[in-house]
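Asker: One letter stands for each residue in the lines below.
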Amino acid sequence: MCTMIAMKAAVDGAARGQSGWFKLTQTAVGYDHATHTAAEHALLIDFQNPAMGPSARVAVEMNIASGKAFIEQLQAAIEAAEKSGVAE
Amino acid sequence: MADSWNSFNTASPAAITAGPVTFKAGGGDEINAYVARPEGNGPFPGVVLVHHMPGWDELYQEFARRLANHGYNVIAPNYYFRYGHGTPDDVTATVRADGGVADDSVVADSEAALNWLKALPTSNGKVGIMGTCSGGRHAVLSASRVKGFNAVADLWGGGVVMPADQLTPKRPVAPIDLTADLDAPILGLFGNDDQAPTPDQVNQHEAALKAAGKNYEFHRYDGAGHAFFYYDRGAYRWEQAMDGWAKIFAFFEKNLKG
Numbered sequence: 001m002c003t004m005i006a007m008k009a010a011v012d013g014a015a016r017g018q019s020g021w022f023k024l025t026q027t028a029v030g031y032d033h034a035t036h037t038a039a040e041h042a043l044l045i046d047f048q049n050p051a052m053g054p055s056a057r058v059a060v061e062m063n064i065a066s067g068k069a070f071i072e073q074l075q076a077a078i079e080a081a082e083k084s085g086v087a088e
Numbered sequence: 001m002a003d004s005w006n007s008f009n010t011a012s013p014a015a016i017t018a019g020p021v022t023f024k025a026g027g028g029d030e031i032n033a034y035v036a037r038p039e040g041n042g043p044f045p046g047v048v049l050v051h052h053m054p055g056w057d058e059l060y061q062e063f064a065r066r067l068a069n070h071g072y073n074v075i076a077p078n079y080y081f082r083y084g085h086g087t088p089d090d091v092t093a094t095v096r097a098d099g100g101v102a103d104d105s106v107v108a109d110s111e112a113a114l115n116w117l118k119a120l121p122t123s124n125g126k127v128g129i130m131g132t133c134s135g136g137r138h139a140v141l142s143a144s145r146v147k148g149f150n151a152v153a154d155l156w157g158g159g160v161v162m163p164a165d166q167l168t169p170k171r172p173v174a175p176i177d178l179t180a181d182l183d184a185p186i187l188g189l190f191g192n193d194d195q196a197p198t199p200d201q202v203n204q205h206e207a208a209l210k211a212a213g214k215n216y217e218f219h220r221y222d223g224a225g226h227a228f229f230y231y232d233r234g235a236y237r238w239e240q241a242m243d244g245w246a247k248i249f250a251f252f253e254k255n256l257k258g
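Residue numbers (our numbering), protein chains in the order written: chain R, 1 to 88; chain U, 1 to 258.
Bound-form chain R, shown alone (with noise of 0.2 angstroms):
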């Protein structure tokens, strides 16, 4: 860690890994030491399964423009989806 920045959230979903679908238990957000994008360092997205072990996980980085502009795109589906009345 050189950062120090992450966090995790718990969640209830579904992720498609290396492995097919598997059951999402768990978001971690850092912004560390990127490991495929050309910056130094990156918001590091991962979706993940802990009690499935290290591989059960979806790995997204981008840079801090992109999760602001992915923010407000969830954020506006998220708003038009509880506008809309539709239940889950």
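No wet-lab data here; the hints were simulated from the structure. Errors might be hidden in some of the hints.
[What the hints assert, rightly or not] Using C-beta positions, here's what the derived DEER-type ranges look like: (1) U:Pro-172 - R:Val-60: 58 to 66 angstroms; (2) U:Ala-164 - R:Ile-71: 24 to 32 angstroms; (3) U:Asp-165 - R:Asp-12: 30 to 38 angstroms; (4) R:Ile-71 - U:Asp-200: 31 to 39 angstroms; (5) U:Pro-172 - R:Met-7: 13 to 21 angstroms; (6) U:Thr-22 - R:Leu-74: 14 to 22 angstroms; (7) U:Ala-207 - R:Ser-19: 50 to 58 angstroms; (8) R:Ser-19 - U:Thr-122: 17 to 25 angstroms; (9) U:Asp-232 - R:Gly-20: 23 to 31 angstroms; (10) R:Ala-65 - U:Gly-125: 38 to 46 angstroms.
[As the list claims (entries may be wrong)] Chain R is faced by these chain U residues, among others (derived, beta-carbon under 10 angstroms): (11) Gly-40; (12) Gly-42; (13) Tyr-83; (14) Thr-92; (15) Gly-100; (16) Cys-133; (17) Gly-223; (18) Gly-234.
[Stated by the list, open to error] On the chain R side, residues computed to face chain U include the following (Cβ under 7 angstroms): (19) Met-4; (20) Ala-6; (21) Lys-8; (22) Ala-10; (23) Ala-14; (24) Lys-23; (25) Thr-25; (26) Ala-28; (27) Tyr-31; (28) Thr-35; (29) Ala-38; (30) Gly-53; (31) Ser-55; (32) Glu-72.
For glycine and all other residues, C-beta sits at the position ideal for the given N, C-alpha and C.
Keeping the supplied structure of chain R fixed, place chain U upon it in accordance with the hints.
Answerer: Below, chain U without anything else, positioned relative to chain R:
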């Protein structure tokens, strides 16, 4: 300074043995490690390699072999072993989500690795410790808390200097505050464009070593930032990296082979 790269005689290139082993680490846990050792009877000095935040990865396997090629018994413990297995990226993500590996866990594994190296029949009795990134911090921390290391190489270790608000139950002490306990000579390599550690933090660490009367040598590189040895990243700076490797070999030769 003698060249470390391509300095072998073509009549007798180094032979090494390398691969994974398991060993009894902190808390008596059996964990895996990557070991690279020169062939022959020695005696050889040892080096504990402390991997970086991105994990127990291929880069560290190559570091181990490079040191072994130059006459060192090397063990690179998998400090993330207890988090399970997968690709290094996947395991690192698990560790990151958990807030990082605890300092106590790292120090205990480093101590076990030190003892493992000293027990080798080819050991000359001297052992150094080296790490990059968080591994640089962990190398300084381990050598400050465990007696018996004969040299420390800290390569751009972030978090040696830690503001109080960065201390956590897993990282309760800033390594700089243990400077009085560090008995081994320390080599520091840093890029002046680094953000963790910043040049100011490097200066603070050097000042603490000086004030405590410690044996240290710090080298700062212009045109380099964090991770300038990593040829798989854009951060790679070949001139600074080659000079840095030469300084590591000179430092270890002086403190571990003599």
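Asker: Hint by hint, note whether the structure agrees.
Answerer: Consistency of the hints with the structure:
1. U:Pro-172 - R:Val-60: 58 to 66 angstroms: violated (32 angstroms)
2. U:Ala-164 - R:Ile-71: 24 to 32 angstroms: holds (31 angstroms)
3. U:Asp-165 - R:Asp-12: 30 to 38 angstroms: The hint (30 to 38 angstroms, Cβ to Cβ) holds, given that Asp-165 of chain U and Asp-12 of chain R are roughly 33 angstroms apart.
4. R:Ile-71 - U:Asp-200: 31 to 39 angstroms: Holds, since Ile-71 of chain R and Asp-200 of chain U (Cβ atoms, about 33 angstroms apart) stay within the stated range.
5. U:Pro-172 - R:Met-7: 13 to 21 angstroms: Between Pro-172 of chain U and Met-7 of chain R, where Cβ atoms are some 20 angstroms apart, the hint holds.
6. U:Thr-22 - R:Leu-74: 14 to 22 angstroms: Violated, at about 44 angstroms.
7. U:Ala-207 - R:Ser-19: 50 to 58 angstroms: holds (52 angstroms)
8. R:Ser-19 - U:Thr-122: 17 to 25 angstroms: violated (43 angstroms)
9. U:Asp-232 - R:Gly-20: 23 to 31 angstroms: Holds - the Cβ-Cβ distance for Asp-232 of chain U and Gly-20 of chain R, about 29 angstroms, lies within 23 to 31 angstroms.
10. R:Ala-65 - U:Gly-125: 38 to 46 angstroms: violated (54 angstroms)
11. Gly-40: For Gly-40 of chain U, the interface hint is violated, since the closest Cβ of chain R sits about 37 angstroms away, which is over 10 angstroms.
12. Gly-42: violated (36 angstroms)
13. Tyr-83: holds (7 angstroms)
14. Thr-92: holds (8 angstroms)
15. Gly-100: holds (4 angstroms)
16. Cys-133: This hint holds: Cys-133 of chain U lies near chain R, its Cβ roughly 6 angstroms from the closest one there, short of 10 angstroms.
17. Gly-223: violated (15 angstroms)
18. Gly-234: Hint on Gly-234 of chain U: holds, closest Cβ of chain R at ~6 angstroms, below 10 angstroms.
19. Met-4: holds (6 angstroms)
20. Ala-6: The hint holds - Ala-6 of chain R has a Cβ within 7 angstroms of chain U, the shortest such distance being about 5 angstroms.
21. Lys-8: For Lys-8 of chain R, the interface hint holds, since the closest Cβ of chain U sits about 5 angstroms away, which is under 7 angstroms.
22. Ala-10: violated (11 angstroms)
23. Ala-14: Ala-14 of chain R check fails; min Cβ-Cβ to chain U is 18 angstroms, beyond 7 angstroms.
24. Lys-23: Violated. Min distance 16 angstroms.
25. Thr-25: Hint violated; Thr-25 of chain R Cβ to chain U Cβ min 11 angstroms, cut 7 angstroms.
26. Ala-28: holds (4 angstroms)
27. Tyr-31: violated (10 angstroms)
28. Thr-35: holds (6 angstroms)
29. Ala-38: holds (6 angstroms)
30. Gly-53: Nearest chain U Cβ about 5 angstroms off; hint holds.
31. Ser-55: This hint holds: Ser-55 of chain R lies near chain U, its Cβ roughly 4 angstroms from the closest one there, short of 7 angstroms.
32. Glu-72: Result: violated, 24 angstroms to nearest chain U Cβ.
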